[in-house]
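Residue numbers (our numbering), protein chains in the order written: chain A, 1 to 328; chain B, 1 to 310.
Everything labelled a hint here was simulated from the structure, so no lab data went into it.
None of these values were measured; they are calculated from a predicted model.
Keep in mind that the hints are not guaranteed to be accurate.
Stated by the list, open to error - DSSO-like mimics (lysine-lysine), calculated; alpha carbons at most 30 angstroms apart, straight line: (1) K89/A x K177/A; (2) K133/A x K271/B; (3) K177/A x K14/A; (4) K9/A x K257/A; (5) K216/B x K199/B; (6) K199/B x K177/A; (7) K89/A x K5/A; (8) K89/A x K133/A; (9) K203/A x K177/A; (10) K133/A x K177/A; (11) K133/A x K9/A; (12) K9/A x K177/A; (13) K89/A x K216/B; (14) K199/B x K14/A; (15) K9/A x K89/A; (16) K257/A x K203/A; (17) K216/B x K177/A; (18) K89/A x K199/B.
As the list claims (entries may be wrong) - Heads up, incomplete: computed chain A residues facing chain B, CB under 10 angstroms, no partners named: (19) R95; (20) F102; (21) M113; (22) T114; (23) G169.
The beta-carbon is built from N, C-alpha and C at its ideal position, and this holds for glycine as well.
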Amino acid sequence: MNSAKLLLKARDLKVHFPVGNSWLFGQPKQLVKAVDGIDLEVYQGETLGVVGESGCGKSTLARALLRLIEPTGGTLQWCGEDMLAFSRKQLIAQRRNFQMIFQDPAACLNPRMTVAECIAEPLYTHEAQLSRKEIEAQVIQMMNRVGLSASHRNRYPHEFSGGQCQRVGIARALILKPQLIICDEPVSALDVSIQAQVINLLKDVQREMNLALVMIAHDLSVVRHISDRVMVMYLGKQMESGTYQAVFDQATHPYTKALLSAVPIADPVASRNRKVQLLLGDLPSPMNPPSGCVFRTRCPEVSEHCANIDPQFSGDISHQIFCNNVQL
Amino acid sequence: MFSAKLNEKNLATAVSQSLEDEVQGRSLWQAAWLRFKKNRAAMTSVYVLGFIVLCLVFGPMLSQFGHDEIDWAVLMDPYELGRPSIASGHYFGTDDLGQDLFARTMVGGRLSILVGFMGAVVAVIIGCLWGSISGFVGGTLDNVMMRIVEVLDSIPFMFMVILFVTLFGNNIYLIFIVIGMVSWLGIARVVRGVTFSLKNREFIEAAHSIGVSHWKIVLRHIIPNVLGIVMVYASLMVPGFIMFESFLSFLGLGVQPPDTSWGVLISSGAKTLDVAIWQLAFPSLFLVTTLFCFNFIGDGLRDALDPKDR
Numbered sequence: 001m002n003s004a005k006l007l008l009k010a011r012d013l014k015v016h017f018p019v020g021n022s023w024l025f026g027q028p029k030q031l032v033k034a035v036d037g038i039d040l041e042v043y044q045g046e047t048l049g050v051v052g053e054s055g056c057g058k059s060t061l062a063r064a065l066l067r068l069i070e071p072t073g074g075t076l077q078w079c080g081e082d083m084l085a086f087s088r089k090q091l092i093a094q095r096r097n098f099q100m101i102f103q104d105p106a107a108c109l110n111p112r113m114t115v116a117e118c119i120a121e122p123l124y125t126h127e128a129q130l131s132r133k134e135i136e137a138q139v140i141q142m143m144n145r146v147g148l149s150a151s152h153r154n155r156y157p158h159e160f161s162g163g164q165c166q167r168v169g170i171a172r173a174l175i176l177k178p179q180l181i182i183c184d185e186p187v188s189a190l191d192v193s194i195q196a197q198v199i200n201l202l203k204d205v206q207r208e209m210n211l212a213l214v215m216i217a218h219d220l221s222v223v224r225h226i227s228d229r230v231m232v233m234y235l236g237k238q239m240e241s242g243t244y245q246a247v248f249d250q251a252t253h254p255y256t257k258a259l260l261s262a263v264p265i266a267d268p269v270a271s272r273n274r275k276v277q278l279l280l281g282d283l284p285s286p287m288n289p290p291s292g293c294v295f296r297t298r299c300p301e302v303s304e305h306c307a308n309i310d311p312q313f314s315g316d317i318s319h320q321i322f323c324n325n326v327q328l
Numbered sequence: 001m002f003s004a005k006l007n008e009k010n011l012a013t014a015v016s017q018s019l020e021d022e023v024q025g026r027s028l029w030q031a032a033w034l035r036f037k038k039n040r041a042a043m044t045s046v047y048v049l050g051f052i053v054l055c056l057v058f059g060p061m062l063s064q065f066g067h068d069e070i071d072w073a074v075l076m077d078p079y080e081l082g083r084p085s086i087a088s089g090h091y092f093g094t095d096d097l098g099q100d101l102f103a104r105t106m107v108g109g110r111l112s113i114l115v116g117f118m119g120a121v122v123a124v125i126i127g128c129l130w131g132s133i134s135g136f137v138g139g140t141l142d143n144v145m146m147r148i149v150e151v152l153d154s155i156p157f158m159f160m161v162i163l164f165v166t167l168f169g170n171n172i173y174l175i176f177i178v179i180g181m182v183s184w185l186g187i188a189r190v191v192r193g194v195t196f197s198l199k200n201r202e203f204i205e206a207a208h209s210i211g212v213s214h215w216k217i218v219l220r221h222i223i224p225n226v227l228g229i230v231m232v233y234a235s236l237m238v239p240g241f242i243m244f245e246s247f248l249s250f251l252g253l254g255v256q257p258p259d260t261s262w263g264v265l266i267s268s269g270a271k272t273l274d275v276a277i278w279q280l281a282f283p284s285l286f287l288v289t290t291l292f293c294f295n296f297i298g299d300g301l302r303d304a305l306d307p308k309d310r
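This is chain B alone, in the form it adopts within the complex (with noise of 0.2 angstroms):
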């Protein structure tokens, strides 16, 4: 009876009768860059950092020098020539060895800014699949999983970088892999617990119910739903991978010259702090406020996305 009903009505009317008085609802998402875009500090941030990027992008095509050439002139006195000076064209003056610390310092943020994306882009993807997985599926599955995240999460990281040095040599993918292998792993224990509290809930039993395979479910229920904590986290970590990138680079295990990084060039700033303080004010200037945008980005996503805010 029911389905002679469906039948006979035209597929072509029902659709354009419906059509006529539309609500377009609004999402969870919609809803919360709403509330992001009411965060003052949150989207000033998102315009600073959206700016410092463009300055990475397209900064070193305004410098007269290459982020590697050497300015001999300036090279007999660096810390008296080598002095920050539009009339130069050293904006931001010079390091030791007369390169342009203002080309440096953009090139430079290329990489640091990179490696904080990287990083991130692969602490959700495996961290979430991960730990969806492992929480999902539970038992035994859940045991290994996550004893193979804490057996790596117990080899030191410093010890990691330092051996993988030694057998391949300084090269700027090693950092790139190593926090590829550390980075999903804080990201996947949070999913993890997410998935745990989220199991559970009704819905995911109704598509249970419903027949919907356990692939599935992962895929279009569990993990949309821990998003938005996913991203709260992975935009907080940001900062920490630039800044570890920074501490390798410091410690000279990081990128090799001529390429450099922030914390290349922070590291040689420092050294001759007394005499050229603008050596390590620019590219601390730049990294500084990088990490607050990215800490400033991250709580306002946390407070948009907050469910309890609904």
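Extracted from the complex, chain A is given alone in its bound form (with noise of 0.2 angstroms):
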């Protein structure tokens, strides 16, 4: 792992934003952490996968790190370049080697253009020398790279399945041959049987491309399948992180291991003898998170000074956990 390029390093990574109209009324003006100090690295050709429940703000640390929503505090590296200090030209030419695979694969297609404009808007953004000839063999190789018919290229985003969509929106990722992807819940909107087929088709991709993908998800199973290392986040905030058989079999922090009891198995005998550890309550509201760490109101390991100290960071680079009670 630690042979291939490091691509992109955060440190202390925060996206805070702001609410409230402080301008009119003079109320004091509060912030919404959504992420708080995330640390992380990707390397050439792996996979991180992204956990945690809605709204602990996975997906903004993913647009953070294209600098799509700007973050508010720490460091971001791409290739040992400080991407923070990127003019904007600077970025619009970085662009090409790291893409954005999104969520609600219809919506991230222009309904006015065909999926032919909408794969080869990267390369008229970036390779405009091209020209409509080469463009277009482009698209049709790509697409038939990600299953989909070159002779349905005419046709509008409506007229495709979601499944069919989200292969357009990953050609569209793919044909700058980007060195990293950030997928943000590539494939929660999708039915189960097409999943598979997006996941095993990004994985495809990754081994032929030598691609660094950094996969968000709430989907438990699904990062499992695909992720290298994974990351457990909570209220914008880093939980457990690892290989994926450090925390996935060895899963030590206690909301790692609420999370992972909460998976459905599909073995109804299995299922009913295990025990589920629930979480009780809701999320709480990032505009005011509990002092100390965050995770305490709803951890079932919780002591008094959990309200007092910030969580202890343990362990090493293929695992470690921020917790006052359990350490590695």
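Assembling the complex is the task here: the two chains are given apart, and the hints tell you how they should meet.
Printed below as a string of structure tokens:
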């Protein structure tokens, strides 16, 4: 793992959104801490899975990593260069190296453009010197690669199913041969049989192109299927991260254990006999997160000092957790 | 690995291979057009409007009289001799001055329709650009641009017209300028609102993530998607402009004789309503028919372009 090239590195990444209209009434502005101090690295050719429940800041993290939302704190490096220092022009030029796949396959395509135009848009933008013939040929090859019939290229997105639209989205992300693709819940809008196809397609192209993937999902079985390393998020913070084996087989953090125990098992006997560890209560408001450890309000292993001190880091590069009570 | 795979394939074979079983998609515009064609009222309106426009273009050629030509024979008693008749050549009769009403209705209609179209075209072009830039950029620029719209909107229409007429004299181009100045305000607001909702859609975000420049995003992604709503809005605005021109001319601020428009004709026809009903009837008939047609077409467009229908 460590021999591969380091592509993306984030340190203490923060995205805080100001809310409330303080301009008129002079109320103190409140901050929504959507992403609050995330560290991560993405190496060439590997898959990093990011899991967490709805509203924990996964999608914001994805956008912040690509500077689609400006991070409000921390550092972000692309291939060793400070990404936050890129000028607008540099950033646009660099965008060809990192692409994104979106959650809603139909909504991420312009309804007034044919799928060929959608797929070719990155080429128009970054390879303006190509002739129409060359662009068309590349589009056709890419459509064949992602399993779409090239004869359908003059159709419009509304004439495709969700799975086909997601393939168009993947083709669009791949056509510039990027080094990193960030997938923001790429399969959560698809039904299960299509999910597997899309995931396998992503795995195949990853192997072919030596592509790095950041796979954001709330579905653990998807992450388990594709990830090399996993990060578990809760309320904008990192709970546990490490290699796929470490996180899934030796889950240590109480939150990860609760998440894993809630994964459905396709075996009625086994699922009836196991103990599901339900988390009580709701996700606290990110505007007003609990003091100390953000998970303490729902943690089954909470102790009184959790409210006062920040969770302690323990572990090494292959497995790390942030918790006051459990140590690696 | 992958790039090698891409290059080894021959361009020509790749293209020709896929051309065999080409499937042509149906764009949203084409689908909307098909729905529009099924709308009987709207299609009838299109044909009627087309017929009216043909009349306006070629009608004056059929008339034996020019629109500013006075028939001295009729002038002795315009309410008797100026009745509509085929024999005298005054198909729609004459006005008080013995001018042929058929020719005047046709020539006047040109101006009325032109004002309507010009207003709509100016409104669409300026309104689309103004509204989409304002909505897309947001923040301070949006505030400034929208305040400009509000300031322009708050200046009384009539006041501007009277001011212009006093300053520059009575001139037909003034009508175009005034209509041009105010017509785009409404559209700019509508477009800004739609842009606001569009700019958070995923396909706009996808364009950002690809690295498409802001200007291209506005032109390629935002404007084509607001155009449907804009077309409906514009087609419903055309009658408004025609009415506005008629209103100005009715007040004597619009076209000056011998030029004419439907508003002028209706205005003078209204004065002789009791003795020469035809002077009011024919221009009104054309005006009302045209307004109805535009409204039906606007309704048809709205139904056809309504995205919820999809």
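To see whether the hints hold, each was checked on the structure:
{"no.": "1", "hint": "K89/A x K177/A", "verdict": "20 angstroms, holds"}
{"no.": "2", "hint": "K133/A x K271/B", "verdict": "68 angstroms, violated"}
{"no.": "3", "hint": "K177/A x K14/A", "verdict": "29 angstroms, holds"}
{"no.": "4", "hint": "K9/A x K257/A", "verdict": "27 angstroms, holds"}
{"no.": "5", "hint": "K216/B x K199/B", "verdict": "13 angstroms, holds"}
{"no.": "6", "hint": "K199/B x K177/A", "verdict": "27 angstroms, holds"}
{"no.": "7", "hint": "K89/A x K5/A", "verdict": "25 angstroms, holds"}
{"no.": "8", "hint": "K89/A x K133/A", "verdict": "28 angstroms, holds"}
{"no.": "9", "hint": "K203/A x K177/A", "verdict": "15 angstroms, holds"}
{"no.": "10", "hint": "K133/A x K177/A", "verdict": "19 angstroms, holds"}
{"no.": "11", "hint": "K133/A x K9/A", "verdict": "38 angstroms, violated"}
{"no.": "12", "hint": "K9/A x K177/A", "verdict": "20 angstroms, holds"}
{"no.": "13", "hint": "K89/A x K216/B", "verdict": "15 angstroms, holds"}
{"no.": "14", "hint": "K199/B x K14/A", "verdict": "24 angstroms, holds"}
{"no.": "15", "hint": "K9/A x K89/A", "verdict": "21 angstroms, holds"}
{"no.": "16", "hint": "K257/A x K203/A", "verdict": "27 angstroms, holds"}
{"no.": "17", "hint": "K216/B x K177/A", "verdict": "22 angstroms, holds"}
{"no.": "18", "hint": "K89/A x K199/B", "verdict": "21 angstroms, holds"}
{"no.": "19", "hint": "R95", "verdict": "3 angstroms, holds"}
{"no.": "20", "hint": "F102", "verdict": "5 angstroms, holds"}
{"no.": "21", "hint": "M113", "verdict": "8 angstroms, holds"}
{"no.": "22", "hint": "T114", "verdict": "6 angstroms, holds"}
{"no.": "23", "hint": "G169", "verdict": "8 angstroms, holds"}
Against the hints set out earlier in the document, violations occur for numbers 2, 11.
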